[in-house]
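Asks: This is what each chain is made of:
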Amino acid sequence: MIAYLLRRTAILLGSLFLAAVVLFVLLRLLPGDPANALLPVGATPEQIEAARRELGTDAPLLTQFLTWLGDVVTLDLGKSLISTLPVGPEIAARLPVTVPLTLAAFTLAVLIAVPVGALAAIRADRWYGPVLNAVAQLGIAVPAFWVGLLLITVFALRLGVLPAGGFPPDGWADLPAAIEALVLPVVTVALVMSASLIRYVRGATLDVLGADYLRTARALGATGAQAMWRHGVRNAAVPVIAVLAMELATTFLGAVVVESVFALPGLGGMLVRGISQHDYPVIQGIMLVSTATVLVVGFLGDLAQRLVDPRLLHREAS
Amino acid sequence: MKRLISTLAALALAGTLAACGGDADGGSAGDSSAATIQIGSVYEPQNLDNTAGGGQGVTEALNGNVYEGLFTLTDTGAVEPLLAKEHKVSDDGLTYTFTLQPNVKFHSGKALTSADVKASIERVTAANSKSARKGNLEVIKEIATPDDATVVVTLKSRSISFVYNLSYIWVVNAAATDLTTTADGTGPYRLGDWKRGSTLSLTRFDGYWGTPAKNAGVVFHYFTDATALNNALLTNAVDIVTSEQSPDALAQFTGNGNYKVNDGQSTTKLLLAFNDKVAPFDKVAVRQAVSQAIDDKKLLTSIWGEYGTPIGSMVPPSDPWYEDLTSVNAYNVEGAKKLLADAGLPNGFTFTLDTPSYDPHPTAATFIKSELAKVGITVNINTITADEWYTKVYQKRDFAATLQEHVNDRDVVWYGNPDFYWGYDNPKVTDLINRAEQATTTDEQTTLLKEANKIIATEAASDWLYLYPQIVVASSKVSGYPVNGLNAQFFAYGIVKN
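If you read the protein sequences in the order shown, they are chains A and V. Positions in the first sequence are counted from 1; adding 2 to them yields this note's numbering. Positions in the second sequence are counted from 1; adding 351 to them yields this note's numbering.
In isolation and in its complexed conformation, chain A is listed as follows:
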């Protein structure tokens, strides 16, 4: 396990570095010049040159990259080109919206998907097994913003029981308002996320249901439920964990659309705005934070898989 942990950590750090390089190069390939965004209409070529010098975008790419990397290592994500405010604290200010939204939606999605997916597999012979599966299929095809608009129309506009969007100015200090503000966004993300999860859970459960060890357990006297609980769940969990880790990571950034529909001050809106304004430090900062999140969650997912199924460790060692 320790050898695996070391190896996996090395891979994690390597991927992080690679991601930083790719991110940096890709952003520089975009057309347009951030110096333009800084200057008023009618700026002279001298002003533009001066702005480039001030931004450091006139330096060679490698110098720019090393400077940036050095700052990142010391947790300095630079200053926004547009607002001139530091990027790090601003990302930090958005996390209290994006992180709870992601985690709550993820938890709710798992709470929906695991029982529904398992039921759809176990009761594949009854009428509601295929129906559940079909509904999940349909759910995958439905875009998140549409679900969000539908929920807003019903719960905010028609029934008036929940806010249509926004986040309280006092944030989490105004706890009831903050929770209220997140109910519909969380349900939106969770519904969309659970649709694809249900299919994975169903698939994994079906695989396990047909497994020899389950039949053997039943032959040895266990009831179907006992056999499933003792042997099936653990085996079915392995592929599901891998998908869960991916889903969690996607949701973190996939919240962009939902944040916009619900006017939430999260990372998504900040990223969209940064992209439209060519605000390199903002885009780099958010992408770096989210890439790191994706990689770390993947790392934790891999560890969790190996804790659930130690055979994976042995297979890799041999």
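Everything labelled a hint here was simulated from the structure, so no lab data went into it. Note that the Cβ used here is the ideal one computed from N, Cα and C, for glycine as well. One thing to keep in mind: the hints can contain errors.
Stated by the list, open to error - Which bits of chain A does chain V cover? Going by a derived footprint, with three or more residues having C-beta under 8 Å, they are: (1) 92–103; (2) 134–141; (3) 169–175; (4) 207–215.
Said to hold, decoys possible - Here's a subset of chain A near chain V, in silico, CB distances under 8 Å, partners left out: (5) SER85; (6) THR86; (7) LEU87; (8) PRO88; (9) LEU151; (10) LEU152; (11) PRO165; (12) ALA166; (13) SER262; (14) VAL263; (15) PHE264; (16) ALA265; (17) HIS280.
Please arrange chain V on chain A, whose structure you already have, making use of the hints.
Replies: Frame of chain A, contents of chain V only:
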């Protein structure tokens, strides 16, 4: 398993019920001056400094509310004194003497002096200033402060727009250090909290020198999605929407007695700008032909429905030198064909239209393409980002024709600058516009600019497609808000909520 599902359902229901208890609107009913006004907008400031690229949002939230100028541009377009109690202009028009209002205090408590005014003007003209008004103030030769209440500005040449231009210049505390995230002005509100990406609040300033604000404060709520913004108004989370971006959502407010839809005056013009220096648009007849071949009214209706105004030139109705010129180069397909034939292009020609990728430009481009096809002109639509537009069109002048919105008032003067991106170069117009700036009276200025405007309209220097509407939608419980939003400002101090 069944039990688990029913438990989940029960939990979800409980959550919904618990959430029912909240009420977004906690304003007291009796005293309207104690109410806080909730304002919804799509223009969040970039930062709070209008000389450091704060953008349209900072003007909307802070101009006239937190910061004041020596003069103010009212919602109807008039220039009135504000922090300048009175001003005198010397006979040669070169020396302006301003006397400041007495007993004016900054929010930090410091008294306003002439040194603050001098420093505030110099912030705008400083080398690192990103103010759009920097160029207008280059005419200043010297600023003197003979005493605490007097500012004397000497100009290099006459500038009849000088006082108007000063209405854009905020008077800030010269001692303030960080104006990008904090503010220190003399206005009726002090800055409350700015939650980036979400809200910006202003609270009534008790030490205000003038008439106090009629409400206890305002909160600007920022949205990136127009539907979310309208939903906020429908659920009473906001009282006012400062600027509707499309007519689609208005139907739900127009027939509803709980809301008022205000169709105000805007200064934003949608232009089909030709490169007047390059063939074929260097020929007046070709530009006239294109202008006559496009049915501007039909375009306006298809984008804005019954809103917006047809316009025949660069001058919007709120400018003092407005004249209805919609009959000049009006829609006339046969006339367009004849003009093309006269210009030696009876079979039309092909050109590329550089089109910014955001609304309404792509829609307008498609419309123009189909209109011009009727007179034999082929349009290739080239979609570009705002950034590319700036580099390709504005800086390199590498274009045949482009679409762009021009938002400012009083901006017909750009046609007097042959170096501007559209390259319109008519010495007569340049002379008229220069003389207008040197004029001794506003009447003279108005006469000269009207003449210049007629010439550019006749010569179709550009094709002015239409004037945008400025639509403020508000709950019928509130009144006293500005409806025109000239220069993107939104004075909040007169708003009352019953």
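Asks: Hint by hint, note whether the structure agrees.
Replies: Checked hints:
1. 92–103: Contact hint for the segment 92–103 of chain A vs chain V: holds, 3 residues under 8 Å.
2. 134–141: It is violated: at least three residues are needed, and the segment 134–141 of chain A offers just 0 whose Cβ sits closer than 8 Å to chain V.
3. 169–175: holds (count 3)
4. 207–215: Violated, because only 0 residues of the segment 207–215 of chain A bring their Cβ atoms closer than 8 Å to Cβ atoms of chain V.
5. SER85: holds (4 Å)
6. THR86: Because about 6 Å separates THR86/A from the closest Cβ in chain V, which is inside the 8 Å limit, the hint holds.
7. LEU87: Holds, about 6 Å.
8. PRO88: Where the cut-off is 8 Å and the nearest Cβ of chain V is about 10 Å from PRO88/A, the hint is violated.
9. LEU151: holds (7 Å)
10. LEU152: violated (12 Å)
11. PRO165: holds (6 Å)
12. ALA166: Cβ of ALA166/A sits 4 Å from chain V, so the hint holds.
13. SER262: Cβ of SER262/A sits 5 Å from chain V, so the hint holds.
14. VAL263: holds (6 Å)
15. PHE264: At 6 Å from the nearest chain V Cβ, PHE264/A passes the 8 Å test, so the hint holds.
16. ALA265: holds (4 Å)
17. HIS280: For HIS280/A, the interface hint holds, since the closest Cβ of chain V sits about 6 Å away, which is under 8 Å.
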